[in-house]
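J.: The task is to assemble the complex, starting from two chains supplied on their own in separate frames and drawing on the hints.
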Amino acid sequence: MNAQTIKVDYLARVEGEGGLHVRVKDDRVVDVKLKIFEPPRFFEAFLRGRQYSEAPDITARICGICPVAYQMSSVHAMERAFGVIIPQPLRELRRLLYCGEWIESHVLHAAMLHAPDFLGYPDAIVMAKDHPDVVRKALQLKKIGNDIVNLVGGREIHPINVRVGGFYRTPTRREIRQLKERLLVGRDLAVEFARFVAGLPFPEFRQDYEFVALRHPDEYPFNEGRLASNRGLDIDIADYENHFIEEHVIHSTALHSRLKDRGAYHVGPLARYNLNFDRLPPAVQALARELGFEPPLTNPFQTIAARALETLYACEEALRIIDSYQMPDSPSVPVQPRAATGWGCTEAPRGILYHRYTLDETGAILEARIVPPTSQNQKSIESDLWHFVEQALDFPIDRLTWHCEQVVRNYDPCISCSVHFLKLNVERE
Amino acid sequence: MAREHPPKLAVWKFASCDGCQLSLLDCEDELLEVAGAVEIAYFPEATRAVIRGPYDISLVEGSITTDHDAKRIQQIRKQSRFLVTIGACATAGGIQALRNFQDVDEFISTVYATPAYISALDKSTPIADHVFVDFQLRGCPINKYQLIEVISAYLNGRKPNVPTYSVCMECKQRGAVCVMVADGKPCLGPVTQAGCGALCPAYHRPCFGCYGPMETPNTASLSAWWKQLGVSDGEIVRAFRSFNAYSEAFRKESEAHERSDH
Chain A
169 MNAQTIKVDY LARVEGEGGL HVRVKDDRVV DVKLKIFEPP RFFEAFLRGR
219 QYSEAPDITA RICGICPVAY QMSSVHAMER AFGVIIPQPL RELRRLLYCG
269 EWIESHVLHA AMLHAPDFLG YPDAIVMAKD HPDVVRKALQ LKKIGNDIVN
319 LVGGREIHPI NVRVGGFYRT PTRREIRQLK ERLLVGRDLA VEFARFVAGL
369 PFPEFRQDYE FVALRHPDEY PFNEGRLASN RGLDIDIADY ENHFIEEHVI
419 HSTALHSRLK DRGAYHVGPL ARYNLNFDRL PPAVQALARE LGFEPPLTNP
469 FQTIAARALE TLYACEEALR IIDSYQMPDS PSVPVQPRAA TGWGCTEAPR
519 GILYHRYTLD ETGAILEARI VPPTSQNQKS IESDLWHFVE QALDFPIDRL
569 TWHCEQVVRN YDPCISCSVH FLKLNVERE
Chain B
2 MAREHPPKLA VWKFASCDGC QLSLLDCEDE LLEVAGAVEI AYFPEATRAV
52 IRGPYDISLV EGSITTDHDA KRIQQIRKQS RFLVTIGACA TAGGIQALRN
102 FQDVDEFIST VYATPAYISA LDKSTPIADH VFVDFQLRGC PINKYQLIEV
152 ISAYLNGRKP NVPTYSVCME CKQRGAVCVM VADGKPCLGP VTQAGCGALC
202 PAYHRPCFGC YGPMETPNTA SLSAWWKQLG VSDGEIVRAF RSFNAYSEAF
252 RKESEAHERS DH
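Protein chains in written order, with the numbering used here: chain A, 169 to 597; chain B, 2 to 263.
Only chain B is shown next, with the shape it has when bound in the complex (with noise of 0.2 Å):
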């Protein structure tokens, strides 16, 4: 695609622990070249320079859990062509989402000694819940060579090539031995959507869930599988409440088990 000016690139960050953007910065060998392919305009991670929008690709990480954050991504929206949220904080709520089980004014009072200073939402909720996401790239943290894919899709004017497939089809093309059959630890690879290589896997440990559900998870048989193995409905709860809790098949699934829990 010709273009007279590089694309601007923008990096906005809402409540999260930095490492998706943090990523980019990871990206050692690819780093300069990135740079010379967009123009970095707002990245105040790595700059202080700032160039004013609108900006044709904007990354979002972080999820929006004050009013002021949730005024502020409508600003970005606007301003932005093609907005594409990264990590699990931005496409779930992330972990802080773990709150939206329970009273946040009892987190507040509870622990803060001047609760009025504190603002903040009852709920942790996804960049996607405010605003249309032209593209959303999972994983706690994502996978810096998707993050590239995506990028470089957009400067070619194509789809990212990111697969929604299950965490068990990288097993198998790594050659990882299952955890699950052979060794009975209980996985969450199978409802899980692929991107990190199945990592944990060949370290010998079961998935925990960080890239989120994948298309169309069977998370009812997961955990039927899982009571087999003698797992209690109160390990299910937790293991579906981590980085991606409030994704909604993870949310509904682990709340059948907390009723059935009491």
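Chain A on its own, in the form it takes in the complex (with noise of 0.2 Å):
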């Protein structure tokens, strides 16, 4: 081979508009662009002038895949800034209505968008041909997690129960006990497919990654928690700017990030896993191991599997959350505006989403900042690329290039949520 390109105009099957560009030569990469051609959308200079109690709704639309990241990113970010404490009712409700977008949206990627490739098909619809238990099964989870986010939230797309301060209106006893059973049937099809899944067969690939996702002292990370890396890293997220930084590169509408003095990591399913599997329930952990997912999993196409196992951990975790509510004395509680700067860090289902917002006395938004997982997996993605290909450049040119997209899918790439306008105060060198 001397020298070949690698082109694939139009990534399928991923949330967004992106490209992928790789240049062989001499049997060697000399280069890999992941290009996102997705235009910009400017959400961080139209936040500028709204209030604070906007923010949840308007950034829930950059993304239609993860909207209940974006609403609980803002609102933890403004309750800090305005010093409001959620009592634990409520808290519990925003970790019911995350675990039905885990589910929702990991069952989408997993079993609709990802898995296909381990077989071979194009799409789900050809592979429901052959495995129409697989697909109809994934269907069935995935409309549990909808259910979740449609009683806790209103709708499974943008939300509207979500506020600063709480919800608009909190769900009674009986409509939460009502998605009781469809959890245990849930529960049950979370663990046949975690079961699918450990039998697909994964190209052997491992990577030196610097993993970095929340780290909470008693739970499995969604909504609060430090920064941890295992290289180290466990900071506040009010330090965040601090320690991570964005570029701007010509081949993309989204900004790279990079760990400043590390540069490359990786956020997802796979850096919650590694960092938090001591979290997990007994159960998650026991199934893990005997399927031969002991942590670390350091094989980016084993994303799957902590997807598979996470959206089993959401099962349980929705369970615990349903069997021991109770009703909110109220939806919400008080929110005092005041001049302030406020940051919020959630675990989106790629990863994990800052936002950090300043305010005046009225709470009016006079700054925002918002970074995406898919901003912050960029570089690993186009690293991986690289390391890939050089392995693999034997391999035919259809079946290189396919394998390529799956590199890329292995992240499960919101390229929506990734290409937004993101305010650069200074670009190191």
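Hints were generated in silico from the structure; no laboratory data involved.
Watch out, some of these pointers could steer you wrong.
Examples of chain A residues lying across from chain B (beta carbon under 10 Å, computed) [as the list claims (entries may be wrong)]: (1) 217; (2) 292; (3) 310; (4) 322.
Glycine included, every Cβ here is placed at the ideal spot set by N, Cα and C.
T.: Structure follows, in structure tokens:
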């Protein structure tokens, strides 16, 4: 093989618009670009001048796949700025909402968008012809996730019930109990799906990543925790911008994030799983060991296993919350604006989603900054492509191209999220 | 209608959040049936297989914000027999149309490190500003059952049954208490098109206009009522400027109050 180019003009089965470009010369990779051409939408710019209370609904529109994550990071940032304390029952309800989003988003990606790659199908609908049971059960499980978001959030895409301080309306005990039967089925489906995933053929490919995720003293992380890594990072989320920087590169309308001094890092299910395995319930840990997914997992193709096990965790956690649910005294607590800065960082299905807002005394937004997970993973995606192509150069070109797409899809990249207007203060080199 | 081949369905994306096309994948109970009734010929969010046009039904999500996309929509129109826009971005320019009220160059130069890398038109515009559209399905996001209704109407050669009356009608049908009359909360329901099933009032929250203006809305009258509730001009401007800010009725109403705000 002499000079050769692998080009995928329009990546399929990712959320948003992107392509990839790998250049190879004399058995060496000489260039890799994950091209993102999703048009910019300027969220941080038009958030300025809006009220703090509008941020959850406006930022949800950055992404139709993970709107709950945007709502959660924004409400936590506002509440931190204004010193609002959320009572335990409302906090539990937010975790329940997040369980719903993880289930629907993880199953959508793992079963409908990613599994077809491992089995050589162009999509889940064609896969359904040979594996009708897998696809039908996955759709059933995904729907259970959407049922949770529907009840707690009002609707599955762009929920309407989340507000700074809590919710507009909290479900009755009776409504919550109605989820239980379905979640018991969901838990069984999740176990079955994890077993299916364990039987997939994983290409041999290990990488030495710096994994970054939230870490909480007692819980597997959704909404709160410190930012931790396997290389000693352990910071309050308010220190995020002292440790991570973003760069604007010509081939992408999404900014590239990196850790100062260290470079690429990896966020998402694999990072959460490896850093927080000890926070998973014993049943999930036991299944993981039985299926051979003992952490640390360093093969990015196995992110689908972390997604499947997190789906099971989300079912277990939702059942725990439902069993102890008491309707809160009030759907929300009072919020008193003040001039302040607030930070929010929560675990979107694809990884940490960071928000910062500076507000004036009336609660108007003076400045906003949002760093979605896909921007943070872009450098790791490019690095994976670089290493993967070098070890797979003897593959036929169409097979290599498909594998490269799969390397990108390992991250469940949400390109709509990663492209929006980000304020860049300094470009440090 | 007898057909030799199932109709070819294509799904296209412009500037958007992907949520409206996700509605199709969120039809968990109906997806495989829909996939049996049509040939999914182009839907990159779901499949890497591509079948060449022309297409019988094109669903178009997103607004036009770049020169490249303004050209691309022309090509899509040429290849499509029946073109349906889905969602607030495609039908009204979306939340990103908030740029239309400001100077986009200022946006770019203040916030992008290297403005020369970015190409963006100064306005985010709906698809119908560029090409003929056969049917517009509103909502931020769209209602997935309305989407199935539109596809099914096309398959059966009839007009989609999608009401253009206001959210108030759905509130009454649902038996929800009026949040404006009972609680004095400023609600956009009286001027907003139905489709959500009066979701927010049922959650004790005033409507915030996801489905855009209803047919012949009286926005000026609603604003007058809001003022009696003590709502300021600035708040009225913001209420009309969200996901459907650039739809004609909402845009004119917000501009009227922007002027009186100064």
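J.: Does the structure break any of the earlier hints, and which numbers would those be?
T.: Violated: none.
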